[in-house]
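*Asks:* So the sequence lines, in the order shown, correspond to chains A and B.
Residues 1 to 149 (this note's numbering) are what the first sequence spells out, left to right.
Residues 1001 to 1525 (this note's numbering) are what the second sequence spells out, left to right.
Everything labelled a hint here was simulated from the structure, so no lab data went into it.
Errors might be hidden in some of the hints.
[What the hints assert, rightly or not] Some chain B residues judged to face chain A by a derived CB distance under 7 Å, without partners named:
#1 I1339
#2 G1341
#3 G1356
#4 Y1360
#5 L1466
No experiment lies behind these values; they were computed from the predicted model shown.
Every residue gets a Cβ at the ideal spot worked out from N, C-alpha and C, and that includes glycine.
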Amino acid sequence: MKTILITIAAAMSLSATAAQAQSPEMSPHAADATFGAEGYTSTDGEVLYQTLCAGCHMPDGSGAVGAGEYPALQGNANLEFSAYAVTLIVNGQAAMPAFGTFLNDEQVVALVTYLQTNLGNDFEPDATAEAVANARPETPKDTTKAEHE
Amino acid sequence: MTQFTRRSLLGMIGTAAGSSAMYYAMASMGHAAASNYTGPIKLDGDPKGAKVLILGAGLAGMTAALEMRSAGYQVEVLEYREKAGGRCWTLRSGDEYTELGGAKQTVDFAEGNYLNPGPWRLPHHHYAVMDYCKRLKVPLEPFIQTNYNAYVHNGDAFEGKPQRMGKIRTDQRGHIAELLAKAVDQGKLDEMVTEDDREMLIESLRSFGVLDEDNAYVKSLRTSGYRGFEKQPGGGVDAAPVASDLYDPARVIQSQLWRSLSQHETLEHWAPMFQPVGGMDGIAKGFEREVGDLITYNAKVVSLQQDDNGVTVTWEDTAGGGTKTSTADYCVCTIPFSILGQIDHNLSSGLSNVIGSMFYNGSTKVGLEFKRRFWEEDEQIYGGISYTDQAITQISYPSTGYQSDGPAVLLGCYTWRGADTYKFNAMQPAERIEWALRQGEKLHPQYRDEFKAGVAVSWHKVPWVLGCSGVWNDRDAQGYDEAVKIDNRVVCAGEHLSYLPAWQEGAILSSLDAITRLHDKVING
Chain A
1 MKTILITIAA AMSLSATAAQ AQSPEMSPHA ADATFGAEGY TSTDGEVLYQ
51 TLCAGCHMPD GSGAVGAGEY PALQGNANLE FSAYAVTLIV NGQAAMPAFG
101 TFLNDEQVVA LVTYLQTNLG NDFEPDATAE AVANARPETP KDTTKAEHE
Chain B
1001 MTQFTRRSLL GMIGTAAGSS AMYYAMASMG HAAASNYTGP IKLDGDPKGA
1051 KVLILGAGLA GMTAALEMRS AGYQVEVLEY REKAGGRCWT LRSGDEYTEL
1101 GGAKQTVDFA EGNYLNPGPW RLPHHHYAVM DYCKRLKVPL EPFIQTNYNA
1151 YVHNGDAFEG KPQRMGKIRT DQRGHIAELL AKAVDQGKLD EMVTEDDREM
1201 LIESLRSFGV LDEDNAYVKS LRTSGYRGFE KQPGGGVDAA PVASDLYDPA
1251 RVIQSQLWRS LSQHETLEHW APMFQPVGGM DGIAKGFERE VGDLITYNAK
1301 VVSLQQDDNG VTVTWEDTAG GGTKTSTADY CVCTIPFSIL GQIDHNLSSG
1351 LSNVIGSMFY NGSTKVGLEF KRRFWEEDEQ IYGGISYTDQ AITQISYPST
1401 GYQSDGPAVL LGCYTWRGAD TYKFNAMQPA ERIEWALRQG EKLHPQYRDE
1451 FKAGVAVSWH KVPWVLGCSG VWNDRDAQGY DEAVKIDNRV VCAGEHLSYL
1501 PAWQEGAILS SLDAITRLHD KVING
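Next comes chain A alone, as it looks inside the complex:
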């Protein structure tokens, strides 16, 4: 995986600016990152996964283990039907924050479809915008609000 990223980054650096050429180890997702209000506007499931979920669940969906763990999404039977993933992404669960506050229905569908058909999963994608809308709380909390700086 890492080799692939480096190869892509090296290929990109041919057309990149001088500043970017100094950072050949950057993956394309990182090199072209956008922030703030433009941070998560993509409707591409892979882009959303690799720039958001991959931070904890890892780029290949293998999860991670420390004192606690981030569950692997690779070959995860809970992804057979989309309802579980939709609910978790929209509302969060346990230590995982809710992402429904800044992902729209279409983005959640794209993300869940990616999870069901990639990372070693081969399920029939069944997420719909309507199901995402129904999973949303009536009065969503803004989980990005700072209580401490």
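Mind docking chain B on chain A? Use the hints.
*Replies:* Quick look at chain B alone, frame taken from chain A:
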């Protein structure tokens, strides 16, 4: 009868009862801010050899260990990491850090340089932290929070050029004060301002906004004395000061640079703030000097069970191998809920529900070491923080070692929750560092030439906590009271069980409160 003045009343209380009584009397009269830290705790009564098992050797756990041992308990502490402190942590030259996902960083800073990936500054009114620093002989030095010569920056304002904070602050206040003074003077606020107050209000606005006798904010040596001169006053020939032009009011307001001006005015950031000399982990080491002999490191707790007779904790020895068991009469559990929720336990359903409802937020910090202190040498910025509308949010300059030669480390990125934190979390350390350079060089063009080394910590990827701090959406609805209760023989403590989340003060106050109640139960049933 003679009326007591406040001062004479306080003097009387002070004489009669000693200075701490006077302090608490003052607090209740509003002279000093009240805290629920009431000085070193006293756990009176003999626990008769009862044993307490403390899970976690962060500040909450070590506070409990220190105080409970001195109250006569047998104490055992289990810690997942190889050292004490938890999130009270410093990365310095030669340290290795491997985040989840396997990326390993070796800190390539010069000797003595460091980054505090977690807490990095102490409010002076965090009485418990301040008191433990004193008792544990942790030397403190001022942390420069506010520096009006640092920058405020917005890519869309002033052609993207960073502005000195003091200049924007003075102009914002001047223009606002002028508008308000005019409105009052023209009688436009008569419904809200009495005749008696009008003159005094205008006078206060002249002082607040540096207005002239006509209530105008104008270019003058006087206003330059607040916002900076075109040419500073000097000595000898050709030394007269030259006043600087003011920024146009619309430009100041539209720049939105004022958004960065209020943070240092919040109580949490009032000057003076402090930092331990040489790194925040000075506090961890101070506690460790006292209770290090009680701590077993590299102990990964996998099970916490209690019954009417006691508490049994099963843990993996990640250094020596094997699974071990520790038992005790009571347990103080400071394991973050992000981890505790994944541990096999038989805690009450009420507590379990809260554990399962708390999400953890992230935060990103990037430390950048440069070959020289260009911010001091070229830009006269000595400590303090520049703010930017970019994802890095701020650049904090070192509050120590001023004017020294050689490399120095600044905080080149500090995100708190939200989309940008997730974005950085999904990157590799080298990528976060590169972005800190890309955005920081918009404020300091010297960045690329002077860069030497960097280290980046994203808190969702910190193996022993999986986040930066616990977040309550709604303490009442989630059951804060249930979470802080003693659950038979176990009581939880930590920053997540306080109203000071993510602050070390919250961790210590939570711990002191938990062990006080636990001790009361042990002694009085």
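*Asks:* If a hint holds in the structure, say so; if it does not, say that too.
*Replies:* Against the structure, the hints come out as follows:
Because the beta carbon of I1339 (chain B) sits about 4 Å from the nearest beta carbon in chain A, less than 7 Å, this interface hint is met. Because the beta carbon of G1341 (chain B) sits about 5 Å from the nearest beta carbon in chain A, less than 7 Å, this interface hint is met. This hint holds: G1356 (chain B) has a C-beta 5 Å from the nearest C-beta of chain A, less than the 7 Å allowed. Interface hint at Y1360 (chain B): satisfied, since its Cβ lies 5 Å from the closest Cβ of chain A, which is below the 7 Å cut-off.
Given the 7 Å rule on beta carbons, the hint for L1466 (chain B) holds: about 6 Å separates it from the nearest Cβ of chain A.
Going through the hint list in order, the structure satisfies each hint without exception.
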